[in-house]
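Visitor: Sequence lines, in order, name chains U and L. Going by the UniProt record's numbering, the first sequence opens with residue 1, and the numbers climb by one from there. Going by the UniProt record's numbering, the second sequence opens with residue 1, and the numbers climb by one from there.
FYI, nobody ran anything at the bench for these hints, they're computed from the structure. No false leads were mixed into what you were given.
Listed below are the simulated SDA-like cross-link pairs for lysine to any residue, each with C-alpha atoms no more than 25 Å apart in a straight line:
id, chain 1, residue 1, chain 2, residue 2
1, L, K80, U, L269
2, L, K130, U, P171
3, U, K85, L, I116
4, U, K85, L, I126
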Amino acid sequence: MALPRPPPNDHGRRDCDSKKKRKEAEIYQALNSEPIDVAALRRMAISEGGLLMDEIRCKVWPKLLNVNTEDLPPPPGKELREDNKDYQQVLLDVRRSLRRFPPGMPDEQREGLQEELIDSILQVLQRNPQLHYYQGYHDIVVTFLLVVGERLATVLVEKLSTHHLRDFMDPTMDNTKHILNYLMPIIDQVNPELHDFMQRAEVGTIFALSWLITWFGHVLSDFRHVVRLYDFFLACHPLMPIYFAAVIVLYRAEEVLACECDMASVHHLLSQIPQDLPYETLISRAGDLFVQFPPSELAREAAQQQAERTAASTFKDFELASAQQRPDTVLRQRFRERLRAEERAKALLTTKPRTNRFVKLAVMGLTVALGAAALAVVKSALEWAPKFELQIFP
Amino acid sequence: MATEVESSLELSLSTSGTEPGTLPPPRSRIFKIIVIGDSNVGKTCLTFRFCAGRFPTRTEATIGVDFRERAVAIDGERIKIQLWDTAGQERFRKSMVQHYYRNVHAVVFVYDMTNIASFHSLPLWIEECKQHLFTNDIPRILVGNKCDLRSAIQVPTDMAQKFADTHSMPLFETSAKNPDDNDHVEAIFMTLAHKLKSHKPLMLNQPPNHSTVQLEAEPKPTMTCWC
Numbered sequence: 001m002a003l004p005r006p007p008p009n010d011h012g013r014r015d016c017d018s019k020k021k022r023k024e025a026e027i028y029q030a031l032n033s034e035p036i037d038v039a040a041l042r043r044m045a046i047s048e049g050g051l052l053m054d055e056i057r058c059k060v061w062p063k064l065l066n067v068n069t070e071d072l073p074p075p076p077g078k079e080l081r082e083d084n085k086d087y088q089q090v091l092l093d094v095r096r097s098l099r100r101f102p103p104g105m106p107d108e109q110r111e112g113l114q115e116e117l118i119d120s121i122l123q124v125l126q127r128n129p130q131l132h133y134y135q136g137y138h139d140i141v142v143t144f145l146l147v148v149g150e151r152l153a154t155v156l157v158e159k160l161s162t163h164h165l166r167d168f169m170d171p172t173m174d175n176t177k178h179i180l181n182y183l184m185p186i187i188d189q190v191n192p193e194l195h196d197f198m199q200r201a202e203v204g205t206i207f208a209l210s211w212l213i214t215w216f217g218h219v220l221s222d223f224r225h226v227v228r229l230y231d232f233f234l235a236c237h238p239l240m241p242i243y244f245a246a247v248i249v250l251y252r253a254e255e256v257l258a259c260e261c262d263m264a265s266v267h268h269l270l271s272q273i274p275q276d277l278p279y280e281t282l283i284s285r286a287g288d289l290f291v292q293f294p295p296s297e298l299a300r301e302a303a304q305q306q307a308e309r310t311a312a313s314t315f316k317d318f319e320l321a322s323a324q325q326r327p328d329t330v331l332r333q334r335f336r337e338r339l340r341a342e343e344r345a346k347a348l349l350t351t352k353p354r355t356n357r358f359v360k361l362a363v364m365g366l367t368v369a370l371g372a373a374a375l376a377v378v379k380s381a382l383e384w385a386p387k388f389e390l391q392i393f394p
Numbered sequence: 001m002a003t004e005v006e007s008s009l010e011l012s013l014s015t016s017g018t019e020p021g022t023l024p025p026p027r028s029r030i031f032k033i034i035v036i037g038d039s040n041v042g043k044t045c046l047t048f049r050f051c052a053g054r055f056p057t058r059t060e061a062t063i064g065v066d067f068r069e070r071a072v073a074i075d076g077e078r079i080k081i082q083l084w085d086t087a088g089q090e091r092f093r094k095s096m097v098q099h100y101y102r103n104v105h106a107v108v109f110v111y112d113m114t115n116i117a118s119f120h121s122l123p124l125w126i127e128e129c130k131q132h133l134f135t136n137d138i139p140r141i142l143v144g145n146k147c148d149l150r151s152a153i154q155v156p157t158d159m160a161q162k163f164a165d166t167h168s169m170p171l172f173e174t175s176a177k178n179p180d181d182n183d184h185v186e187a188i189f190m191t192l193a194h195k196l197k198s199h200k201p202l203m204l205n206q207p208p209n210h211s212t213v214q215l216e217a218e219p220k221p222t223m224t225c226w227c
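Same shape as in the complex, but just chain U (with noise of 0.2 Å):
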């Protein structure tokens, strides 16, 4: 089941402009309502466009993260750069990514800004001795750097890091490896050929893992692009890039039927993000997968894709173990064997009753309008932001 492709665009510009304008306003009314509309603000950040402007995303991005603008920290001293573990890596990582900065700008500024950009990361780290510098967190921080300027890039993305980004600054990335177990599932309630195709290639998950902990900054070349999105997660649940990679993998369901069923062409195919995606599209539709299966209901799956790899890699030691001992003509005889009977027993694990599809479906279809779908994630997000806690692991 494919995505419907965008509609063709029938709106005149000037009726654009005006939704624009329109839109502008019920912003500003938000923000100056008494106290601020923040679900109001939620609700304007995931609609059609997003908060349209760098102008307003100033102002909106710290009310999404409830952020007191008014208590910046001081500027970082020169002690900050000393005897800080992560400061190697984050020099090697910030050096290297000029491709983030605006095409055009000129060095000297941009040198500057990834001074700034230094800064900002080890302020966070510093302050929070419990996070874990990861390459392309920088991919993250120079984004806010570049919409909001460097002290309040620090305090929104500390608060980023201690929620939404926690799981990926772990010492390990186990956490982060448990969120890329929600991608497949997703995708299996949608499109489960391409679920069992994805899973017979042995595709993984790590294609999205930049997608993931950048929020696809590393990989969309166009800045409009990537703070349209970074407008659309910070107003929904920090579990909302995932449905986003998911749909994206959802949508390309064709091209990656038509490759070959291996681990290489699929990885291939699908780490090379296309650049002119339908983003508000995929973003309307990204909701409403949300709202239909929330994390809740996809946790035990997920949980399950563990267990099935760890069952898939005691195989391969058994493999492994027996090369030691037997001639190859009857290793791979009793691979062959084996891999028959593994197949079928997956065959028979991964049959589940899809009974409900069509209600499921039905509720889809009267999600699709966008308001409908962003009225329900706001409310799930505000189920959690008032709590500001990550409970994403029952």
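Given chain U, put chain L in place with the hints provided.
Guide: Below, chain L without anything else, positioned relative to chain U:
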């Protein structure tokens, strides 16, 4: 006699999604090579140089695993060389990259000749690799990158050679960037590909201009011979 390499090649074919009982479509053989080493040693540049034939203008930190491929002809046989370019940061190694060690036919360890720390990390990488591959018997080579930065060299060749000998690996010193040395990176990967194809004993010579480096140690008899 069938070798480990052959059997693992066959594994990668037989697990590639064909239904049992049907023949896989005719396809060229694939050599899967994983490239590992510390951050910023030039793994991406080396693989890019080999697959695209030039030094990339701007490379960024690799997140997770990138994949590059090039088809070559060796003795008239069409072979696909797959290079799996991995993230250098330690945290990605354990839980992330593991999956991509599957059915690997060769390993390329890379260090930065201008960064001694990247050389000192090699034992860790070798250990890591052993854990993932469960065997000692697939071809491994050691590549010192950035040899064009002559004034900044921190890892002397004799030291690297000693290390390579201890670990029964051939050593290559090269530069993915140096335009005068265009085909040297090419020669390294092609030597490895020939090695994989012919399954002859490991006697890899440095390609021309670097004739100083030669592997002397034969694989120990206790190991399963991959050659």
